[in-house]
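Q: Okay, here's what each chain looks like letter by letter:
There are 2 protein chains.
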Amino acid sequence: MTLPVRRDLVGKSPYGAPQLPDAVQLNVNENPFPPSAGLVADLQRAVGEAAATLNRYPDREAVALRTDLAEYLSKQTGVPLAVERVWAANGSNEVLQQVLQAFGGPGRTALGFEPSYSMHPVLAAGTSTAWTGVPRRADFTVDVELALQAVEQHRPDVVFLTTPNNPTGTSTPLEVVDALCAATSGVVVVDEAYAEFSDRPSAVTLLDQHPRLLVSRTMSKAFAMAGARLGYLAASAEVVDVLRLVRLPYHLSALTQAAARTALAHTDELLATVEEVKRQRDRIVSRAAELGLMTVPTDANFLLFGLFDHPGATWKALLDRGVLVRDLSIGPGLAGWLRVNAGTEDETSAFLSALAEVV
Amino acid sequence: MTLPVRRDLVGKSPYGAPQLPDAVQLNVNENPFPPSAGLVADLQRAVGEAAATLNRYPDREAVALRTDLAEYLSKQTGVPLAVERVWAANGSNEVLQQVLQAFGGPGRTALGFEPSYSMHPVLAAGTSTAWTGVPRRADFTVDVELALQAVEQHRPDVVFLTTPNNPTGTSTPLEVVDALCAATSGVVVVDEAYAEFSDRPSAVTLLDQHPRLLVSRTMSKAFAMAGARLGYLAASAEVVDVLRLVRLPYHLSALTQAAARTALAHTDELLATVEEVKRQRDRIVSRAAELGLMTVPTDANFLLFGLFDHPGATWKALLDRGVLVRDLSIGPGLAGWLRVNAGTEDETSAFLSALAEVV
Numbered sequence: 006m007t008l009p010v011r012r013d014l015v016g017k018s019p020y021g022a023p024q025l026p027d028a029v030q031l032n033v034n035e036n037p038f039p040p041s042a043g044l045v046a047d048l049q050r051a052v053g054e055a056a057a058t059l060n061r062y063p064d065r066e067a068v069a070l071r072t073d074l075a076e077y078l079s080k081q082t083g084v085p086l087a088v089e090r091v092w093a094a095n096g097s098n099e100v101l102q103q104v105l106q107a108f109g110g111p112g113r114t115a116l117g118f119e120p121s122y123s124m125h126p127v128l129a130a131g132t133s134t135a136w137t138g139v140p141r142r143a144d145f146t147v148d149v150e151l152a153l154q155a156v157e158q159h160r161p162d163v164v165f166l167t168t169p170n171n172p173t174g175t176s177t178p179l180e181v182v183d184a185l186c187a188a189t190s191g192v193v194v195v196d197e198a199y200a201e202f203s204d205r206p207s208a209v210t211l212l213d214q215h216p217r218l219l220v221s222r223t224m225s226k227a228f229a230m231a232g233a234r235l236g237y238l239a240a241s242a243e244v245v246d247v248l249r250l251v252r253l254p255y256h257l258s259a260l261t262q263a264a265a266r267t268a269l270a271h272t273d274e275l276l277a278t279v280e281e282v283k284r285q286r287d288r289i290v291s292r293a294a295e296l297g298l299m300t301v302p303t304d305a306n307f308l309l310f311g312l313f314d315h316p317g318a319t320w321k322a323l324l325d326r327g328v329l330v331r332d333l334s335i336g337p338g339l340a341g342w343l344r345v346n347a348g349t350e351d352e353t354s355a356f357l358s359a360l361a362e363v364v
Numbered sequence: 006m007t008l009p010v011r012r013d014l015v016g017k018s019p020y021g022a023p024q025l026p027d028a029v030q031l032n033v034n035e036n037p038f039p040p041s042a043g044l045v046a047d048l049q050r051a052v053g054e055a056a057a058t059l060n061r062y063p064d065r066e067a068v069a070l071r072t073d074l075a076e077y078l079s080k081q082t083g084v085p086l087a088v089e090r091v092w093a094a095n096g097s098n099e100v101l102q103q104v105l106q107a108f109g110g111p112g113r114t115a116l117g118f119e120p121s122y123s124m125h126p127v128l129a130a131g132t133s134t135a136w137t138g139v140p141r142r143a144d145f146t147v148d149v150e151l152a153l154q155a156v157e158q159h160r161p162d163v164v165f166l167t168t169p170n171n172p173t174g175t176s177t178p179l180e181v182v183d184a185l186c187a188a189t190s191g192v193v194v195v196d197e198a199y200a201e202f203s204d205r206p207s208a209v210t211l212l213d214q215h216p217r218l219l220v221s222r223t224m225s226k227a228f229a230m231a232g233a234r235l236g237y238l239a240a241s242a243e244v245v246d247v248l249r250l251v252r253l254p255y256h257l258s259a260l261t262q263a264a265a266r267t268a269l270a271h272t273d274e275l276l277a278t279v280e281e282v283k284r285q286r287d288r289i290v291s292r293a294a295e296l297g298l299m300t301v302p303t304d305a306n307f308l309l310f311g312l313f314d315h316p317g318a319t320w321k322a323l324l325d326r327g328v329l330v331r332d333l334s335i336g337p338g339l340a341g342w343l344r345v346n347a348g349t350e351d352e353t354s355a356f357l358s359a360l361a362e363v364v
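Residue numbers (the working numbering), protein chains in the order written: chain S, 6 to 364; chain H, 6 to 364.
So here's chain S without its partners, still in its complex pose (with noise of 0.2 Å):
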């Protein structure tokens, strides 16, 4: 039988890496730290509270959450944010999807400096939106006469840039993206998933001056709630608005913004494992150049590490060794790196003697 596909879906594999949850798992930046007994407790209760009224629809606008997500924004990014401009979805793929679906679509481009998160050209291919990947230099960091050129000679109607970015760890300087929302008649979206983990400023302190400025940000990482799969973005109160008419109605479920509120609420307590997490990739840096490997500048919890001849075969021997790290190296930009996040103690020790044995 064949199905009646969108012609340009033909062919393609799922976007995913490898669950394989018997493995030290490495490879997916997640952060090591579950939850604590305590939190776990207060994620019970209140999610017994909302599960009171479980029968009725969610808050659609999620006030709540959003009120609780502008009150921790401002506090980190020492930027005063009303709950007007802050929005929130099903992971920070959802508000991207939203903002292609409000600002892209077909006719319409995004661009994005590569290589980056795979997950933008899969977006825009999934909202119609035609994609431009614009090479950043061989260190990784953005090419910034490149970038103005690029914007001028594409005139995209959305550009992300991410800082740090993934899957090279790479920081993008404030300036850069002053820059390029200066050049752009379009939307800049700085996909921020690992900014709790960097020292720089965020580009959230830019937002009052550049109206099409948008800044997405994540619970996955720093604040260890990939489970509960909570993205947010702080943006002008126009484009929240603009993100309104494309979100699917009740698009957060009553948990969803329960267990994000009480997460909030152990801001503290999940945010001091940042400081662990970037101690383990610490120390994987420094082994690595040990071993006699290469590693790119980060300020997130993963990093590049190189270089191989043949990548696969050393994931392999890693994975041989119980450790699962991730091979990036088949995209664009990418030969001969692997990418490790860091693990606790043990997984990152764990990692460190299966690199001594297979390099």
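These are calculated hints, taken from the structure and not from any lab test.
Quick reminder that beta carbons are idealized off the backbone N, C-alpha and C, glycines included.
Please note that the accuracy of each hint is not assured.
[Claimed, not checked] Listed next, the stretches of chain H that the computed footprint assigns to chain S, with coverage defined by at least 3 CB atoms under 8 Å from CB atoms of chain S: (1) 36-43; (2) 225-234; (3) 240-247; (4) 252-266.
Given chain S, work out where chain H should sit, using these hints.
A: Leaving out everything else, chain H in the frame of chain S:
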């Protein structure tokens, strides 16, 4: 400031009924019965278990949940269904959006029989799929000849058929589904959100004959889980494979998966509400007749009542008496009608008292 919004969104308003928690809410076809204390306790237990690894991404394939859904659907329809033939997402809206992303899109057309679920054309617009609305008969049944003619004329890529139909409550015989499947080269989506309130056989019984038939369901209505946002779909395994190409990775949170599985473990208890809801619905039908009103024959948990010269004024008069119903009279083919769903006995009595005052 003018944002560079997609042109077809300019001037639109967000979809959504008023949320007025203080009123008797009979406007969004919710099940009025909240979860039992036993179910809430089980939900808390399940969430506690899921929370222990909430720092990890959820099972991207939601295999355990889809297995439970397949088991329920097999039992409810009498058709053995393997997990490979069942898909799930955050509400049936997300399921249908994925279907349109996969089988609709730019240059493609979806067709439905109106008045029907108003999200179908909204989801089509959100995926840049053209929309063709074919009018139902004056009694809201589907005119088969007109339907087949429209399919031949417009050659839609996606045909929507809602049974029981929202907002009219009208069922469509399986012969019509059968005829549409035979007539179209596109996919046929039978939206069975309200199927459990109906005694008619499900379109799931036709799946083995029609590889391009898709049947969508939800846990928001009979299962009384609107707050948990869980929709699902039964189709061929090939269709499910195609949906994987457009779904956002990890679209279903660990909490959603755990909550839905817990609700499914309480199927008998939850579906026991169906008979009581139908009793209350039938009370409305009888009393409306006594009050000299017309109602549309319904197989769902709601019904249309009227006809009103000024339905907006009647809607307001009911709300002034603390009862919130749905004014859909501005939609195509619904002039003069209001929609109300069955509530608890008390809620239904409140509505009927208010109605008697207003008429």
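Q: Are the hints correct? Go through all of them and say.
A: Here is how each hint holds up against the structure:
| no. | hint | verdict |
| --- | --- | --- |
| 1 | 36-43 | holds (count 5) |
| 2 | 225-234 | holds (count 7) |
| 3 | 240-247 | holds (count 4) |
| 4 | 252-266 | holds (count 11) |
Going through the hint list in order, the structure satisfies each hint without exception.
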